[in-house]
Amino acid sequence: MTVEEILNEASALLLDFDGPVCSVFAGIPASTVADQLRGVLADGGYTDLPKAVADSADPFDVLKYAASLGEDESRYVEAAFAAHEVEAIASATPTTGAHELIEAWHESNRPLAIVSNNGEPAISAYLDLHNLRTSINFVSARTRTNVAQLKPSPHLLDQAVAALDITPGRSVFIGDSTSDIEAAQAAGIRSIGYANKPGKRSSFGSVGADAIIHALTGLMITA
Numbered sequence: 014m015t016v017e018e019i020l021n022e023a024s025a026l027l028l029d030f031d032g033p034v035c036s037v038f039a040g041i042p043a044s045t046v047a048d049q050l051r052g053v054l055a056d057g058g059y060t061d062l063p064k065a066v067a068d069s070a071d072p073f074d075v076l077k078y079a080a081s082l083g084e085d086e087s088r089y090v091e092a093a094f095a096a097h098e099v100e101a102i103a104s105a106t107p108t109t110g111a112h113e114l115i116e117a118w119h120e121s122n123r124p125l126a127i128v129s130n131n132g133e134p135a136i137s138a139y140l141d142l143h144n145l146r147t148s149i150n151f152v153s154a155r156t157r158t159n160v161a162q163l164k165p166s167p168h169l170l171d172q173a174v175a176a177l178d179i180t181p182g183r184s185v186f187i188g189d190s191t192s193d194i195e196a197a198q199a200a201g202i203r204s205i206g207y208a209n210k211p212g213k214r215s216s217f218g219s220v221g222a223d224a225i226i227h228a229l230t231g232l233m234i235t236a
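In terms of this note's numbering, the sequence shown opens at residue 14 and continues consecutively.
For the record, the hints were derived by calculation from the structure and aren't laboratory data. One or more of the hints may lead you astray.
[What the hints assert, rightly or not] Quick list of the computed label-pair ranges, beta carbon to beta carbon:
#, residue 1, residue 2, range
1, 22, 209, 43 to 53 Å
2, 36, 215, 14 to 24 Å
3, 175, 221, 48 to 58 Å
4, 19, 63, 34 to 44 Å
5, 215, 109, 45 to 55 Å
6, 178, 61, 42 to 52 Å
7, 65, 121, 40 to 50 Å
8, 70, 17, 30 to 40 Å
9, 63, 17, 38 to 48 Å
10, 201, 121, 15 to 25 Å
C-beta atoms are modelled at their ideal positions from N, C-alpha and C, and glycine is treated no differently.
Let the sequences and hints guide you as you build the complete structure.
In C-alpha cells:
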C-alpha cells in the first residue's frame, strides 16, 4: 500500500511534533538543554551521574534518569525542560511541507492530533505562533505526571485516538524515530516513518513501519 493510500484511507492523522512538524531545537542546541538539566540535578546533589547520562546530548536521557530517581527529581527536571522547550519555540524551524500537510488534512474534514514526547506548553506556543491552532483537534503530549508513559509506550497515542473518538485501526501516525513506530504498533495504529536523516530508512524498515517517506511535500491528500 502506498503512502497516499494509507493517508487517504485513514479517518484521523496523528503527527509527532519535533521532526515532522518542526525542529524544536534549531536555535537552542539540544545538548545545551541537556547540560542545563544536568545542572538541575547537580543542584539537588546528583553530581555523580552514570556516564551515559553525563555524556548524552539528548535532554530526554537526562529526564528519564531524573524520573528513575524519584517524583521530586522528575518534577523539577521536567519543569526545567518544559521551560527550555518553550524558549526554543521562538527559533524553531518549521519542517518543509508540514504546515501545508496540516492545512490540507484539516480541509479534508478529518481530525488531526499532535502526539509528542515534547511538553504541551511548547507545542501550544508553536501552534499559536504559526496560527495552526484551529487545524489541530487535540494535543497529546508530555506533562509533569506522565514522564514514565512517553513513547515508545502507546499511552500518548491511546489518549489521542480516544479523544478523537477514532478506532486505532482507522488512524495513521507519522513519526521520525523508531520509538514512534514501536508506539504505533503497540497502539494498533498504522505508522509512517519520516526518514529525515541518513540511516533512518533502514531503521524504520527493521521495526516494521507501514510506509517510509523522506519529505512531507508532495503528499496527495484527498477530501
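### Message
For each hint given before, does the structure comply? Return the numbers of the non-compliant ones in rising order.
### Response
1, 3, 5
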